[in-house]
Amino acid sequence: MELICPAGTPSAFRAAVDAGADAVYCGFRDETNARNFPGLNFSREELGEAIAHAHRHGTKVLVALNTFMRAGAEDIWYEGARDASRLGADALILADMGLMAYVAENLPEQRLHVSVQASASNADAISFLVQAFGAKRVVLPRTLTIGDIAGISRAVNCEIEVFVFGGLCVMAEGRCSLSSYATGKSPNMHGVCSPASHVRYRREGNEMVSELGGYTINRFGQGEPAGYPTLCKGRFDIGEACGYAFEDPVSLDVMSEIDALRAAGVSALKIEGRQRGKAYVAEVVSTLKAALDAEPERRAALLSGLRGLSEGQKTTSGAYEKKWR
Amino acid sequence: MTNTQLTLGPVYYLWDGPKWRDFYFRIADEAPVSRIIVGETVCSKRQHFIDPHMDEVIERLEAAGKEVVISTYALVTLMRETKKLRAIAEETDRLIEVNDLSAFMYLDSRPHTVGPLVNVYNGATARLLKTRGATALCLPPELPMSSIAAIAGDDPGIELEVFAFGRVPLAISARCAHARSKGKIKDNCSFVCGEEPDGLDVRTLDRQPFLSLNGVQTMSHTCQSLIGELDELRRAGIRRFRLSPQDCDMAAVAEVYRAALDGRIDAREAKARLNAIYPNVPLSNGFLYGREGAALVGYAADA
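Line by line, the protein sequences give chains D and L.
Numbering follows the UniProt record's numbering, with no gaps: position 154 of the first sequence is 154.
Numbering follows the UniProt record's numbering, with no gaps: position 50 of the second sequence is 50.
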């Protein structure tokens, strides 16, 4: 199985390549990219250099153009697809069907991957995208069990990529407007979820309060680490239940299941975290690479060191376990 | 302008069978809507509540001269959901509304509509869907006016609709936060979402109303209303407006929209009537202005 690693900066990119990534995914520094955060991502020139560096080391580069084209400004996305292709991208990771159609028609040699943002979460949806646009791979949402994944893999005629480590998106990705509702900035249109520009922390007595837009997302008692106010990982007041309504502030770690994922027909494992620094990328990639290559009984020891890198220092296998539902 | 039509979207909530049936009987008799989307959309576990009443509801609506479109699931992850989708496609001659890409596999270019939960953010995608048989599509509720106008201006050859009334469907998950809030999980939920026929309030820790849970779906606390923007949307080329059922008098809501479209009442009067029909839930229109969806801006804020 390929290990697909994130890179939000040229230095993180080199770290991923040097640490043994089979492929690195990244995107342009604009609204075509679903991780459109300030200070991150690649210019045309930087991407060209990064791709050349990766190819010298036998590493593939997957370029994410995985937001939805803004009506009337489609050329920004078309140009992104043409430029990434010209610079030597091994695949484009796309979410917008109009853009998929453009690439299938105008860049027929370019390998097309379906982004998790396209929200293809079952065999029929995937088969539709394979038939309509010649998609070669689909990135599955983090809302499926390993059993679901095995069923999909048997039924579709393309490769399967799944998230195994990093942030955990609770909602069907590409179909979530929670952040847009609170801030006016949309993951689908602007490439940002819970944008830093709308985050505020304030102290109230002994408590640290985190806000997104005009809404309190969490309150932290003394000594409790104040996490980032990602909306779906906030604490809310619902009837008699007051707490994490959607998901605890945990991150995903299913590396202990890699044999089951392989048996399920998964061909690529994806690490989330394009906003992470190069030290994080280097450590996660090299550890996971070593774990993938190790005998099963040695894996747990190799992976235990990664726990401290996870959000809230807590991990979950999320929907990969059925009781999560 | 009589060439502008109203659609009644699917009931997103779990209403028990008789309530659901009686709702549509009243709509058939009273509501000035021309197209009605009927069928379970949010959670397949609710399907059996409405199945016994589907035929009589459709018959009653069609006898009243309404066009009935059959809804399909918004998130398909289980085999039984795929089977149901296939069965709907095979068994009905009526139009089907697509809410998940999987439905396209069963339509084979036959005419259909596309619901607001399928991502259509630009004219290129709208045109693509037209080539595959879509005759109408309801644009995603978060689209700003600039995008709506650009898509309509692209003239994709398809009837465009906007989400003009109702709590906004903001997210959907394989996990059920509604069940979770009551100490259960989706697979053993006891249908607790039926206890809140208009959604379960999610407030912030400062007790500010924020969201609303509806089973696996998360909706806005506010009720999107584009009642003050109907003329502008019409000028942009929108000829159909969707009303999404809430647990209030939807026939009266439809009458308000019809009256506003026909110029019989102004936006201020329309908003006052909506507030009376659906009290305690603030109206919002922020998405249309490129703002946070919860915002109420323009004419309506001071009405």
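Each hint should be verified, as a subset may be incorrect.
Said to hold, decoys possible - Okay, derived cross-link-like pairs now, DSSO-like style, lysine-lysine, Cα gap no bigger than 30 Å in a straight line: (1) D/Lys-136 with L/Lys-19; (2) D/Lys-185 with D/Lys-289; (3) L/Lys-83 with D/Lys-136; (4) L/Lys-83 with L/Lys-66; (5) D/Lys-185 with L/Lys-83; (6) D/Lys-136 with L/Lys-66.
Because the hints were derived from the structure by calculation, they are not lab data.
field: Holds or violated: D/Lys-185 to L/Lys-83, with C-alpha atoms at most 30 Å apart
entry: Status violated; Cα separation ~37 Å.
- request: Decide if the proposed pair is consistent with the structure: L/Lys-83 and D/Lys-136, CA atoms, cutoff 30 Å inclusive.
  value: Status holds; Cα separation ~26 Å.
- request: Could you grab the alpha-carbon distance between D/Lys-136 and L/Lys-66 and see if it respects the 30 Å cut-off?
  value: 43 Å, violated
task: Take the C-alpha atoms of D/Lys-185 and D/Lys-289, compute the straight-line distance between them, and say whether it is at most 30 Å.
output: This hinted pair is violated, its Cα atoms lying about 36 Å apart.
query: Hey, D/Lys-136 versus L/Lys-19, does the alpha-carbon distance stay inside 30 Å?
result: Distance of about 47 Å is beyond 30 Å: violated.
- request: Assess, step by step, whether the Cα of L/Lys-83 is no farther than 30 Å from the Cα of L/Lys-66, and give holds or violated.
  value: Cα-Cα ~28 Å, so holds.
Hints 1, 2, 5, 6 from the list above are not met by this structure, while the remaining hints are.
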